[in-house]
Structure formats: structure tokens, C-alpha cells
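Join the two chains, each given in its own frame, into one complex according to the hints.
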Amino acid sequence: MRLALRELRRRPGRFGVATAILTLIAVLLTFLGGLLDGLEAGSTGAYRAQQGDLIVFADGAQTSLVRSRIEPEVRAQVEDAVPDGAVGGLGSAQLGGRLEGRGPRDLVGTVVFGYELAPRGLPDEPPGPGEVYADDSLRSEGVEEGTVIQLGPARTELTVVGFTSDAKYSGQGTLWGSVDTWRQVLGENRPSAAVGEGTVQALVVAVPDGADPADVAEAIDEATGGATETLTIAEAIDALPGLAQQRQTFSQIIGVTVLIAIVVVALFFALITVERTALYGVLKALGARSATLFGGVLLQAVLVTLVALAIGVGAALLLDAVIPAGSLPFAVTSGRLLSSAAALLFAAAVGAAFSLRRVLRVDPASAIGGGA
Amino acid sequence: MSPSAPALRMEGVRKVYPVGDDEVVALDRVDLTIGADEVVALVGPSGSGKTTLCSIAGALLTPTDGVVEVGGTDITGLSPKQLTEFRRDSVGFVFQTVNLVPFLTARENLLVVDELGARRGRAARDRADQLLEELGLADRADQLPSELSGGQKQRVAIGRALMNEPELVLFDEPTSALDSKLGEQVMELIRHEMKERGTAAIVVTHDERMTRFADRTVHIVDGRLDDEDGRVDEGEDVTAERPSGAR
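Those sequence lines, one after another, are chains A and B. Here our numbering is used: position 115 in the first sequence is 119, and no number is missing along the way. Here our numbering is used: position 216 in the second sequence is 314, and no number is missing along the way.
If we strip away everything but chain B, and leave its shape as in the complex, we get (with noise of 0.2 Å):
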């Protein structure tokens, strides 16, 4: 990544699903770019659109329309096989549910990571190591998910989505499932391991109290992006107006 691109930059992004001979668009015209080290909560209802705009952000869905960028490496045109590499390499991802692979370890679930790609061995167990240390798992590294508590299994799940020093990691509810005050120590953790390593964040959340703990919140309705003071973009000419990144 160049030093100074942004962790993200979607400009024009729309995605259309087709329905029947309908078509229902999931995001329209999405303008959005993420500092090096920002982390963004991304806050909106059920059906607002915010899972497809994380899917196109972590190269799992490719736009039908606009250009989305990723470290300063455009994504827009790759095919599913480099997307998969693309996302192997420079994304990391923090489910809301299924997280972990149950039959392995701390470590293991870490080293996934590593055993999808080219292999690194001793490096990427270093790296495991020191991830799992710096998340305060050190003990727990040989114990299977089924013997970690949540806020624990959470603290593996992020440290597999930095095992790739990716570019942009982006949490898919990472509190859901937690009661409210571990639901803020792991946002608190999340905040921190961000900004420590430089490292750009979307965090998705419908917990408003969350919001707090990001740079900055990005609201999304029926598929379109609403700044911090709730003003709803206004359709064609919000591209060259909107303050996109939070510059």
C-alpha cells in the first residue's frame, strides 16, 4: 500500500440485486473513504444495506457500478479467484456468528489464516504467538473454542483477522453476542489493537452506545450513506460535495 492511500476509498458504488424481472438496489451511489488508521462504525436497520457495502468493502462482492479501492489497489475489476487471494492477503474479517473453526486451537484457529495461503511456517507461528500474547490469550493457546468464554473466542477471532497485516479489517457485529460492558471492553480492545498497529477498521453495529468508541459513525438507510449529523446525501451531485473521508 502507498503511504498515502486510504485504507478504502468506494466512490460511486452502487449494488443492484436482480428480483424477478425487478431490480432492488442494496446501495446507490456510495461515496465512502477510510483513513489509514480510522475506525468507522457503520450504523443502519436490518435490510439498510450495510452488509453489502461491507461485502464490496472486504472483496466479497464486486459493484455493479463505481470503483471501490483497498489500500490503493482497485478491486473493482478482479475476478472471484483474485478477489479470494485479495481477500487471503489484505483483509481481515471478524464475524458476527460461526467464527471459529471448533476442532482447533487458539492457535490453530490463527494459523488458518496462514494454511489458506502461500505458507509462511515459523514466521506466521511467530506471529500467532504474538498476536495471541498481545491479546492477553498467551495461556489459552492450545485450548479449543468450546473452552473459551465469548469475549475470549472474540479475542482469537480478531487476532485471526490481523494474522495478514491486512490493510482494513472489518467487524461484522462483534458485540452482538456479548452483554453490554464486555461488548465494550472488546470495542475498546478493538479500538486499540486498531490504532496501535495503523490499521483501518468498519466496525457494523446497531448498538448506538458502540459508536463512541469509533472515529467516526457513518449511518446507512435503503442503501445510502448519512454523515455524522444525519443529513441524508441527496442523490446526483453529493460525489464532488461530500466529505467523504474524514479528512
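One chain only, chain A, in its complex shape (with noise of 0.2 Å):
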């Protein structure tokens, strides 16, 4: 172990090859993973700031906020379904908005949402008519507290009174006000889905509690006569669309990168275990166990993969400091930078094992005779 480790300290220009590649693969992994996390984080905010539990569709609606409509009735029979649980409308409506001072077509994509049970980071009570709070993504646009904004064809005018942080739906920022102003902004620019009064799009339920999320999603399906489809928060946000698809891509893209990191620390050791051949048949005839020898190896190439991380994790951090927000989905969490710290250093055990064959047949007695 100590020769490995004075050998790094003597000789690291042997393992700068493998070093500059893995550094690369490093910042290549935390930055696919930044992009994922970023763009989730885009596109599922606005449900993952809800503090209910279950979001109740129609059925039919195929779980989209668009297509769905809850009238008086079913919301009625969803509250006698949970009777000690909290039920609050909700409704969202995707247009551009105008800002102030600038062009009449550069339009700033919003969505507006109307809610009744608070998501997390609003007033309990919502803001009064034509006003909202904004996601602070929007402070990018140049929105700050007190600016108006015209929505749609129609102009409607929303004044932002607040911030909410993490609220982001569809990669555009929200807009949070009452299911009132939702329903002037949906009549006013989207005439066709105007809806009446007592109607939102969905319900959000915030199940006693003790009780069992999954169970009462049943039970309310059920009280509505199968006129709702109620999901979890989790399973509402796994059927956004597109979601599950854009984590599949990039997970096989993390995969593919880290099948690429075995690939690389495997031939780099391999290589380097084979110029040891003779020094290693020296050691072995000297005492040297293969054990200690492949425990070298192994350090190694995780001592390698470390510094690579290092960089790779210093890069990450870096570009989430200086990019503006909202500029560049992109987000670093702990989690991730932990599972592709695991995931590389897994790479070095998996692509330095593949050098254990080769210092297991290393002949003590090649030692001796010297090619005599």
C-alpha cells in the first residue's frame, strides 16, 4: 500500500492520462446530472410544492392539469370522502406574459396557477383579486415585486405582490394567485376553456393524518363513482409528460459515461499492470502477497478517481454559482453529486478488478533466471 501510494507521489505524471480522462468523465457525469436535476426541477416545482398529498383528476383527463375539470358535485362527494382531510381547488393557465418596457412579441412564458390549499412558500390565504406571487426564476425576466403583467391576447393585468421559490411547471415560471384570478385570466384569454364558478381543474387533498395516501386515492375514486383519477403527488409527477422519458435518456447517457469510466481505468491498469509484470514477480519472490499487491492497484485507481471527483464535483458547484438562475436548467443537489461520486468510484473498483487476474498469475519464480 505505502509503494502505491509513494508511487503516486513520485511518478503522478504516469497517471495523468487517467486522471485528465476521469476528470472529464467526472465533470461529464455531474453535469449530465445537474442538467437532469435541473430540468426536473424545471417541470415538476409547481407539484412538488404542494403540501397535500394526492392530486384528484377527472377521469379521462389522462392526468393533465389542461384537460381535467372537477365540478361542484364531484368536489362535493371527494370532501364527504375524506371527511377530516383538507380539499382545495386548483387550476393552472400556460400564456405568455408582457412586460413592462418591453417589445409587444417578447412574450415571457408563464403559467398561472390558482390554488386554495397553500403550497408551500405562499400565504395560507391566497392574494386578492389580480394579484400573485411569482416564482423567483421570473426575477431573470426582470420581474420584481410590483410589476405588472399583461397575459395572453386578452392583457390581463397581474400585479406580482410576493416570491415563491421552486415552483417552476413546464420549464416556465409560475404565477400564484386566488382560483378566482385563475378563472378571470382562463374566461379572458382562453374563452373556449373558460370554466364556471365552483369548477377547477383539479383537487389537491391533504389526507388526515396517520392515514394512508394510497388508500384514500382509492377511497375517493371510488366515493366519485370512477369520475376522478387521484394520484399521489410522486405518481402525479412521474406521469408528467415527457418526465419519465427525459430520465430514462439521461440515465442511460450516466450509464453509458460511467461503462465508459470501468472501460478507461481498466485499460489504464491493465497497461500499467503489465509493465509491472517483472517489479511485481520481484516483490512477490520478495514476500509480497498478491493481495497487498492488488490492494495497490486498487488505491490506485480509486486515489485516481478521487482527485478526478474532486474537480469533477469543484466544476459542478462552480457553474452553479456563476450561471444566473433561471438562465441554464441546472441544479446541483448533494444526492446527486453523492450517486455520481459512488457511481465513478464504483467504475475504478469494477475497472481496477479486471487488473486482479493479471497480478494473481504474476510467477514469484519469474523472478529468477532473468530470461536465462
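Worth flagging that the hints you see were computed from the coordinates, not collected in a lab. C-beta: ideal position from N, C-alpha, C; glycine also. You can take every hint at face value.
To give a feel for the contact side, a few chain B residues facing chain A, derived at Cβ under 10 Å:
hint : residue
1    : Gly156
2    : Pro178
3    : Glu183
4    : Val189
5    : Gly190
6    : Thr195
7    : Val210
8    : Arg258
9    : Ala259
10   : Val302
FRET-style restraints, in silico, Cβ to Cβ:
hint : chain 1 : residue 1 : chain 2 : residue 2 : range
11   : A       : Arg361    : B       : His304    : 33 to 39 Å
12   : B       : Gly234    : A       : Ala314    : 42 to 48 Å
13   : A       : Arg13     : B       : Lys293    : 36 to 42 Å
Shown next as C-alpha cells:
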């Protein structure tokens, strides 16, 4: 082991190429992870911000807010099904927003939400008519407290009275107001989709303490006679269009990247082991065990990978720090960094393991005879 | 080691390698006894079995038949793991080619032996310094092999072989890479160090001129030993007859 450490310290150049390639891979891994998390955060924020446990969609809406309509009668059935829980309406409308001082075609993509059960970071009582809280990603568009946004073709004016965070939806900044404000915006800008008094797109349900959300969801759908499709928040997030595919695609790219790391480590240390065959023969003749020699290879692979990881993680944190909020879907989470590190260390161990057989096969007797 | 035990005792040692359906006999009924501080030169042409003999004596290989004792310990039936430990503790090696660990200083090359086994720390460092001093390398202790001359490297290798205070040191062509003057100096040094420590040695060489530094020369031809007078063993009856040790 000490031998392996001394070699790293005295001949760092020998490990330079492997360190450089692994560093690039580590940077790629952390960036891919950051992008995936950023994209996911950008499309799921509005759901993740919900403090309820369930979302009730109309049956046949395919768990899409836009297609879903919950009429007052159905809502009453839902409320009856969870007498001890809390039920609140939710509505959304995707509209382009115009900001003062910007051209008429310079639209900011926004999603207006009307809520009754307050999501995280918003007051229990929704703001008054025409007033909204904005997701702080909209700050990068110049939105401030007091900014008036003109929404949609009807240029419905909404005034920003405060901010919330991490509440994006569909990659767009969100505006949170009362359900009445949402109905007004929808009616003026999407007359064909306008809804009557008491109608919402979906219901957010907070189940009573100790109740199993899945059981409650089943009870709700039963109580409405199949007029609703109730999902937990996590299920609703997974059901968002494109999210699963996006995850899958990124996971595959990340998987291939880890595979490449395994190949890099395996090739590099196989080469080094071949170069060391004679030295290993001498050391084995002197009494070194194969386990000690392989332990050295493993230690070197892990240390080289740790250096690469330190640089990769540093680069990800730096990128996260320098990009303005909302400009790039990039999020650094400790969980992602840890899993990237674990994946790369796993690759190092597996890659190094390819040299095990070669180390075992070195015959100490080969040290004697010197080719004679 | 018991005080009276020879450094090496080989009795009826055979080594047979399978080659396809055939067998190649690398060593054939070898009897060899080496006294506690005896320096024996082992001379033979390529393929004569001197490497195999050295490997078996050095616990690198196990014989097909026969008994091998090093310093009174029977190593014939030891497992590979036990052989590894035995080599680490009781045998010294000086190899012909790749020798020193290139990225370690002279002192560290000596300490490798300690690091591979149960570490003795301070005592090992003291021993390494003492050996380097005795080998005239005290001022070279912190230099890498690439900064040492051929003779100095060989002296470091000898120091390494002596680190574990072995019963037996095997020298594999220690002078083949050196010119004859330097070769003689190294042989003289080997003899001196062995005699001073009372350690036995087998020096494999193809250079007859170097044999004068040995107490005894053993020739090996086609896997069979030949004594100083050039008499080749004649098979079955030699075990009883042969003056296998230089008593």
C-alpha cells in the first residue's frame, strides 16, 4: 500500500492521462446529473410545492391539468370521502406574459396557478384579485415586486406582490393567485376553456394524519363512482408528459458514461500492471502477497478517481454558482453529487478488478532466471 | 534455526514439468546440503536446471518429489501462502535483472522487505541504515536507483537480501551485468558479507572466474548435480554415497 502511495506521489505524471480522462468524465457526470435535476426541477416544481398528499384529476383527463375539469358536485363527493382531510381546488393556464418596457412580441412564458390549499412558501390565504406571487426564476426576466404582467392575448393584468421559489412548471416560471384570479385569466384569454363558478381543474387533498394516501386515493375514486383519477404527488410528477422519458434518456447517458469510466480505468491499470509484471515478480519473490499488490492497484485507482471527482464536483459547484438563476436548467444537489461520486468510485473498483487476474498470475519464480 | 542445521538440505529432489502429453525433467534426484555459512557457486549451461534448483531452494517452487529443508525447516509441504511468508522471513534474493523498485530510494528499497511483512518500524529503519553503512552506501541512502551506478545498485540489492536476516541468500547471476573488475569486487563483497554474518549463499553464475570466491562449486547439467571433480551422479545409488555437503 505504501508502495502504491509512494508511486503516486513520486511519479504523478504516470497517472496524468488517466486522471485527466477521469476528470473529464467526472465533469460530464456531474453536469449531466445537474442538467437532469435542473430540467426535472423546472418541470415539477409546482407539484413538488404542494403540501397536500394527493391530486384528484377528472377521469379521462389522462392526469393532465389542462384537460381536467372537476365540477362542484364531484368536489362535494371528494370532500365527503375525506371528511377529516383538507381539499382545495387547483387551476392552471399557460400564457405568454408581457412586461412593461419590452416589445409586444417579447413574451415571457408563464403558467398562472389558482390555489386554495397553500403550496409551500405561499400564504394560506391566496392574494387578492389580480394579485399573484411569482416564482423567483422570473426575476431573471426582470420581474420584481410590484411588476405588472400583462397575460395572454387579452393582456389581463396581474400584479406581482411577492415571490416563492422552486415552483416552476413545464420549464416555465409560475404565478400563484386565487382560484378566482385564475378563472378570470382563463375566461378572458381562453374563452373556449373558460370554467364556471365552483369548477376547478384538479383538487389537492391533504389526507388526515396517519392515513395512507394510497388508500384515501382509492376511497376518493370509489366515492366519485369513477369520475376521478386520484394520484399521489409523486405519481402525478411521474405522470407529467416527457418526464419519465427524460429521466430514462439521461440515465442511459449517465450509465454509458460510467461504463466508459470502467473501460478507462480497466485499460489504464491493465497497462500499468503489464508494465509492472517483472516488478511484481520480484516483490512476490521477496514475500509480497497478491492481495497486497492488488490492494495497491485498487488504492491507486480510487485515489486517481477521487482527484478527478474533486475537480468534477468543484466544476459543478462553480457552474451552479456563476450561472444566473433561471438561465440554464442546472441544479446541484448533494444527493446527485454523492451518487455521481459513488458511481465513479464503483467504476474505479470494477475497472481495477480487471487487473486482479493479471496480478494473481504473476509467478514469483519468474523473478529468477532473468530470461536465462 | 537450530544451531546445527544446515542452511539448505535437498534430498532426492525432482522437478518435472508437463509439456503437452510429455514430461520434462528439470531436476533429477538432486541432493545438496549447504552449511550455515557456506558460499556455493552453482554453475551450469542454460536449461541445465540451475534456475529451477534456485527456485526450489528459495521456496519459489515446490518440488515434484524429495525433501527440501531451509535452516532446518521442512518447506516441502508448505502451501503457496506459507511459502510466501517463508520467503519473506527466511530467504534473501538478489536478482539478475529488474531489481530495485525504481521510484524508491536506496533506503526505501531495503525497507520494502519490512513493509511486506509484519512491520518492525524503527528497528527496520536502523537495520537498513546499518546495512547501507556496512555496504558503503551511507551517503547514497536517499538516492533513487537511477542515480546509482551498477555496482551500487547491486550493493543495495544485497542489502535488501540481508534485511530479513535470512538463513540462505540466493544470488542469480549477480555479476552478469557488470564488467569483470566490478564483478570481482561484488563477489568479494558477497563472500565477505556472508562470512561475516554466517549466512549461507548460492551464487548462480556462468562465469567460471567467479567461482574462486565460493567455498565450493557445484555444476549442474541436465538437471543433475556434478561435484567439484566433474563426476556426474549416476542415478539411484548416489543418495547414500554422495558427499552432498562440504563437510
